[in-house]
Amino acid sequence: MLVTMRRLFRLWFFYGGLDIKWMLRDIGSFAIYAFSDVVNVVAAITAMLLISERFDGVGPWSQTQITFLLGYAVMVNGALDTVFGYNIAFISRRIGRGQLDHILVQPQPMWLTLVTEGFSPCAGLPIFLPGLGLLGWATVQLGIQVTPVWLTFLLFNFLGSCLIVFAVSYVVGSLAFWAPRAAEEINSSSWRLISELRTFPLEGVAPLLLGGLLTAVPIGFVAWYPSRTLLGLEPVAAAAFVTPLVSLVFGAIGLWVFRRGLAHYAHTGSQRYLSYGHRR
Amino acid sequence: MDTDADPSSLLGEAPIVRLDGVWKTYEQRQRSERLAGLIRGLFKPEIKRIDALRGVSLAIRRGEIVAYAGPNGAGKSTTVKLCSGLLAPTRGSVRVMGFDPVKERVRFVARIGVVFGQRTELWWDQPVAASFDWKRVVWDIPTERYERMRAFVQDLLGLDEFFQTAPRELSLGQRMRADLGLALLHEPEILFLDEPTLGLDVLAKRNILRCIKDLNRERQLTVMVTSHDMAELEQLAGRIVMIHKGSIAYDGDFARLRREFAAKRVLTIETPIGEPAPTLVGAELVSSDAGRHEYVFDGAQVQIAALLDQAATQARIVDVETHQLPIDDVIADVYERWLKEGHELAREPIPEQAKPAG
Numbered sequence: 001m002l003v004t005m006r007r008l009f010r011l012w013f014f015y016g017g018l019d020i021k022w023m024l025r026d027i028g029s030f031a032i033y034a035f036s037d038v039v040n041v042v043a044a045i046t047a048m049l050l051i052s053e054r055f056d057g058v059g060p061w062s063q064t065q066i067t068f069l070l071g072y073a074v075m076v077n078g079a080l081d082t083v084f085g086y087n088i089a090f091i092s093r094r095i096g097r098g099q100l101d102h103i104l105v106q107p108q109p110m111w112l113t114l115v116t117e118g119f120s121p122c123a124g125l126p127i128f129l130p131g132l133g134l135l136g137w138a139t140v141q142l143g144i145q146v147t148p149v150w151l152t153f154l155l156f157n158f159l160g161s162c163l164i165v166f167a168v169s170y171v172v173g174s175l176a177f178w179a180p181r182a183a184e185e186i187n188s189s190s191w192r193l194i195s196e197l198r199t200f201p202l203e204g205v206a207p208l209l210l211g212g213l214l215t216a217v218p219i220g221f222v223a224w225y226p227s228r229t230l231l232g233l234e235p236v237a238a239a240a241f242v243t244p245l246v247s248l249v250f251g252a253i254g255l256w257v258f259r260r261g262l263a264h265y266a267h268t269g270s271q272r273y274l275s276y277g278h279r280r
Numbered sequence: 001m002d003t004d005a006d007p008s009s010l011l012g013e014a015p016i017v018r019l020d021g022v023w024k025t026y027e028q029r030q031r032s033e034r035l036a037g038l039i040r041g042l043f044k045p046e047i048k049r050i051d052a053l054r055g056v057s058l059a060i061r062r063g064e065i066v067a068y069a070g071p072n073g074a075g076k077s078t079t080v081k082l083c084s085g086l087l088a089p090t091r092g093s094v095r096v097m098g099f100d101p102v103k104e105r106v107r108f109v110a111r112i113g114v115v116f117g118q119r120t121e122l123w124w125d126q127p128v129a130a131s132f133d134w135k136r137v138v139w140d141i142p143t144e145r146y147e148r149m150r151a152f153v154q155d156l157l158g159l160d161e162f163f164q165t166a167p168r169e170l171s172l173g174q175r176m177r178a179d180l181g182l183a184l185l186h187e188p189e190i191l192f193l194d195e196p197t198l199g200l201d202v203l204a205k206r207n208i209l210r211c212i213k214d215l216n217r218e219r220q221l222t223v224m225v226t227s228h229d230m231a232e233l234e235q236l237a238g239r240i241v242m243i244h245k246g247s248i249a250y251d252g253d254f255a256r257l258r259r260e261f262a263a264k265r266v267l268t269i270e271t272p273i274g275e276p277a278p279t280l281v282g283a284e285l286v287s288s289d290a291g292r293h294e295y296v297f298d299g300a301q302v303q304i305a306a307l308l309d310q311a312a313t314q315a316r317i318v319d320v321e322t323h324q325l326p327i328d329d330v331i332a333d334v335y336e337r338w339l340k341e342g343h344e345l346a347r348e349p350i351p352e353q354a355k356p357a358g
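Residue numbers (my numbering), protein chains in the order written: chain B, 1 to 280; chain A, 1 to 358.
Okay, chain B solo, but in the shape it has when bound:
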């Protein structure tokens, strides 16, 4: 266990260093890259901010609470971009393009590669930090008492939300094991779906649809439900445990589907190879 942890941190340290070197070597490209990411973030949350401004909140959510929700959603996005860059989160691309072989020739368990190879703080932090800023500002404005317990709930809900998005990405992306060409870009679609819907408060949505948005397409757990619990909008305190627990279920499903795909891959391999997007 200790050896694995040491290796994990060593690999994160190395990949983080690689990312920093890339940034320092080509600072101009990095600036453009970071700027375009910030524009992307602003564009993603602007619609909801404007709606909130125009109607002085959305449903039972005040403007500041909406800002909290948006900050949380952007943080989830930023964290995933930070840890799972280089198409680790968009796994359908790696599978569909035949690039999984590059992982298979590395002498370490595959999970270790998947949780480390995409670590790119310079690429992800320009998204994560604005989200953290929004969430921090809203927390202060709302007068939330930031206690160790609240911070712990925030951390676990946040990790749960990240795991849910990541797991959904792998459940959907694993289709590329069976249909590499057709499903190569399927993670782009699943990611876009999540990105576009994650900022909506789901109060007032019909129960059947809400059920779907918490199970089949678990948009509700990306930001809405955990924000409700962290803002004290859920009547039961135990609600703070729901997102972390649900994330374990989605994580297990994602693992199961991915492993089935891998077993299939061992027999079929990949008949195509595209270098596009690999390690660049």
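In short, the hints are calculated from the structure, not lab data.
From a predicted model like this one, the values you see are computed outputs, not experimental measurements.
Among the hints, a few may not be true.
Example chain A residues on the side facing chain B (calculated, C-beta under 7 Å, incomplete) [as the list claims (entries may be wrong)]:
| hint | residue |
| --- | --- |
| 1 | A88 |
| 2 | V102 |
| 3 | L203 |
To spell it out: a stretch of chain A is covered by chain B in this simulated footprint if at least three of its residues, at any positions, have a beta carbon under 8 Å from a beta carbon of chain B; those stretches are [claimed, not checked]:
| hint | segment |
| --- | --- |
| 4 | 79-86 |
| 5 | 125-139 |
A virtual CB, placed ideally from N, CA and C, is assigned to each residue, including glycine.
Keeping the supplied structure of chain B fixed, place chain A upon it in accordance with the hints.
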């Protein structure tokens, strides 16, 4: 199938690579051109099974360079993928250094090197040096070994001139040298090279081949290299395994192959359009079109001058060309000939596999 025994105990004459009756079958979904067929295919798809390998048995000893040749689609890359743990066989067994490459992947790949000519393991936007550093960390190469091997491959492959350059700025030949160096950093016991010289110019190709030979000579590195370029393989390896339609058509040394099969040559005689093709004793007319007449003859038995003398008495010769029979034709020829004759494949016996203790 797991074994805790140290596979490095498999020394001497025991094969380092052993394939026993390996079949690899792929499934291809067939698509109908008709609407009815398309709809039927939704519910009951028509699956075509393609045998990429058909009962291949092969043994490679430590320190050998084995050329694995065959036309496109013959099964070369499939074999390399099976041997490097990227694919599981449909039937039969694959053992490399005593490992099952798929089931014991992590421990296995730590001891092999793989280079695919059309793929790169290098980080595209980082200097070559960063990729080497990456290999050190991920492969957990001890510092002493890393420093020693880095110096060795830098010298052997001449990497100094572009070691701090990103692969995206390198020529194909430079990138290939860097990839080969990267594959050698952890001192693999066996190197699998799949079309390592594809797309390279003559000079770059020669450099790569020289390096592989040096590695084999100086370090007893076992090499399995695939290519469809027979001349290239002949420079490199003493032994050639030829595969055709998923079966081994020839396994032996190059000299015998040349003597027996590749002595065939092609002679093209050009005459004015409309003149009939000359009849040449000792050569077989294979095509005749618009005054270009192509013959195949055995270069070891028949003199070109004799054929030209015959031709000159029958037609006005405008131009003459001669060249070796293309490798694809040689392989097809060999295979078909043996198939027709019911000939046992020319194979060396596969030695008994040494069984790891414990």
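task: Quick one: see if chain B covers the segment 79-86 of chain A, three-plus residues with Cβ-Cβ under 8 Å.
output: Result for this restraint: holds, n = 4.
Taking 7 Å as the limit, does the beta-carbon of A:A88 come near enough to a beta-carbon in chain B? holds (4 Å)
Is the hint on A:L203 kept, meaning its closest Cβ partner in chain B is under 7 Å away?
Nearest chain B Cβ about 24 Å off; hint violated.
Checklist line | Given coverage of the segment 125-139 of chain A by chain B, tested with a Cβ cutoff of 8 Å and a minimum of 3 residues | finding: Coverage by chain B holds for the segment 125-139 of chain A (8 residues, Cβ < 8 Å).
| message | Does A:V102 hold up as a contact with chain B if the rule is Cβ-Cβ below 7 Å? | response | holds (6 Å)
Checked against the numbered hints above, the structure violates only hint 3.
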